[in-house]
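Novice: So in numbering that gives the first Met the number 0, spot 26 of the sequence shown is number 25, and the numbers just go up one at a time.
Don't read these hints as lab results, they were simulated from the structure.
You may find that some hints are simply not true.
Stated by the list, open to error - FRET-style restraints, in silico, Cβ to Cβ:
| id | residue 1 | residue 2 | range |
| --- | --- | --- | --- |
| 1 | L48 | P73 | 18 to 24 Å |
| 2 | I28 | I55 | 28 to 34 Å |
| 3 | M53 | K14 | 34 to 40 Å |
| 4 | K13 | Y61 | 17 to 23 Å |
To be verified - No more than 20 Å apart at the CA atoms, straight line, and that leaves these computed lysine to any residue pairs for SDA-like:
| id | residue 1 | residue 2 |
| --- | --- | --- |
| 5 | K50 | E64 |
| 6 | K37 | I66 |
| 7 | K26 | K50 |
| 8 | K13 | G33 |
| 9 | K71 | K30 |
| 10 | K50 | R69 |
| 11 | K37 | E64 |
| 12 | K37 | T11 |
| 13 | K24 | S51 |
| 14 | K34 | K49 |
| 15 | K30 | S41 |
| 16 | K14 | Y31 |
| 17 | K71 | S41 |
| 18 | K30 | I45 |
| 19 | K13 | K34 |
| 20 | K30 | V19 |
| 21 | K30 | K50 |
| 22 | K24 | T12 |
| 23 | K30 | A40 |
| 24 | K37 | I55 |
| 25 | K71 | S21 |
| 26 | K37 | T12 |
| 27 | K50 | A25 |
| 28 | K49 | K26 |
| 29 | K14 | P73 |
| 30 | K26 | K37 |
| 31 | K24 | T11 |
| 32 | K34 | K50 |
| 33 | K71 | A25 |
| 34 | K49 | K37 |
| 35 | K30 | K49 |
| 36 | K14 | I66 |
Quick reminder that beta carbons are idealized off the backbone N, C-alpha and C, glycines included.
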Amino acid sequence: MAKKTVSKKKSTTKKNLVIVESPAKAKTIEKYLGKNYKVVASVGHIRDLKKSSMSIDFDNNYEPEYINIRGKGPLINS
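Based on the sequences and whatever the hints tell you, model everything.
Specialist: Dropping the structure here:
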């Protein structure tokens, strides 16, 4: 008997990413937003102000200068 092969197509549809801190909130919010959104829990902060300087760009309308927190890169890049 011949085996059936099923190939799954990877979706090429772009989704909007929403990052929230709590896994419970992520699950609830994803229900409300629908299939065009991916909601992920960060389980803590993912970015912080630089500690080595004032972290504010005075020449650029007081724009804050953030750095990614170590270990959160995979979440940010998802």
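Novice: Run every hint past the structure and note whether it holds.
Specialist: So, going through the hints one by one against the coordinates:
At about 22 Å, the beta-carbon gap between L48 and P73 stays in the expected band of 18 to 24 Å. Look at I28 against I55: about 31 Å separates their beta carbons, and that is inside 28 to 34 Å. Distance hint check: the CB atoms of M53 and K14 are about 36 Å apart, consistent with the given range 34 to 40 Å. Taking the beta carbon of each, K13 and Y61 are about 32 Å apart, not inside 17 to 23 Å as hinted.
The suggested pairing of K50 with E64 holds, with an alpha-carbon distance near 10 Å, which does not exceed 20 Å. Annotation: proposed proximity of K37 to I66 is violated, straight-line Cα distance about 23 Å (limit 20 Å). Between K26 and K50 the CA atoms are separated by roughly 33 Å; this puts the pair beyond 20 Å, and the hint is violated. Among the hinted pairs, K13 with G33 is consistent with the structure: their alpha-carbon atoms are about 13 Å apart, no more than 20 Å.
Taking the CA atoms of K71 and K30, the gap is about 24 Å. The hint is violated against a cut of 20 Å. The suggested pairing of K50 with R69 holds, with an alpha-carbon distance near 14 Å, which does not exceed 20 Å. Under the criterion of a C-alpha separation no larger than 20 Å, the hint pairing K37 with E64 is inconsistent with the structure, at around 26 Å. A threshold of 20 Å between alpha carbons decides the hint, and for K37 with T11 the separation of about 14 Å falls inside it, so the pair holds.
For the proposed pair K24 and S51, the alpha carbon gap of about 33 Å is over 20 Å, so the pair is violated. For a cut-off of 20 Å, the pair hint linking K34 to K49 is broken: about 35 Å separates their Cα positions. In summary, the hint linking K30 to S41 is supported, as the alpha carbons are separated by about 18 Å, within the 20 Å threshold. Simply put, K14 and Y31 have alpha-carbon atoms about 15 Å apart, close enough for the 20 Å limit, and the pair holds.
Restraint check: the Cα-Cα separation between K71 and S41 comes to about 8 Å, which is no more than 20 Å; the hinted pair holds. Note on K30 and I45: the hinted pairing is violated, with a Cα-Cα distance of about 23 Å set against a maximum of 20 Å. Taken as a hint, the K13 and K34 pair is honoured in the structure, with Cα atoms around 10 Å apart against an allowance of 20 Å. For the hint pairing K30 with V19, the CA-to-CA distance comes to about 14 Å; that is within 20 Å, so the pair holds.
Note on K30 and K50: the hinted pairing is violated, with a Cα-Cα distance of about 37 Å set against a maximum of 20 Å. Restraint check: the Cα-Cα separation between K24 and T12 comes to about 24 Å, which exceeds 20 Å; the hinted pair is violated. For a cut-off of 20 Å, the pair hint linking K30 to A40 stands: about 14 Å separates their Cα positions. Note on K37 and I55: the hinted pairing is violated, with a Cα-Cα distance of about 31 Å set against a maximum of 20 Å.
A C-alpha spacing of about 15 Å is found between K71 and S21, which places the hinted pair at or below 20 Å, so the restraint holds. Distance check on the hinted pair: K37 and T12 sit about 12 Å apart at the alpha-carbon level, within 20 Å; holds. Only pairs whose Cα atoms come within 20 Å are accepted, and K50 paired with A25 is rejected, the gap being roughly 29 Å. Of the supplied pair hints, the one linking K49 and K26 is violated, its CA atoms being roughly 31 Å apart against a limit of 20 Å.
Between the alpha carbons of K14 and P73 the distance comes to roughly 17 Å, so the proposed pair stays at or under 20 Å and holds. For the given pair, K26 sits about 10 Å from K37 by alpha-carbon distance, which is consistent with the 20 Å threshold. With a CA separation close to 26 Å, the supplied pair K24 and T11 exceeds the 20 Å bound. Taken as a hint, the K34 and K50 pair is broken in the structure, with Cα atoms around 38 Å apart against an allowance of 20 Å.
Restraint check for K71 and A25: satisfied, since their Cα atoms lie roughly 17 Å apart, inside the 20 Å limit. In summary, the hint linking K49 to K37 is not supported, as the alpha carbons are separated by about 28 Å, beyond the 20 Å threshold. With a C-alpha separation of about 35 Å, the suggested pair K30 and K49 falls outside the 20 Å cut-off, and the hint is violated. About 25 Å separates the Cα atoms of K14 and I66, which puts this hinted pair outside 20 Å; it is violated.
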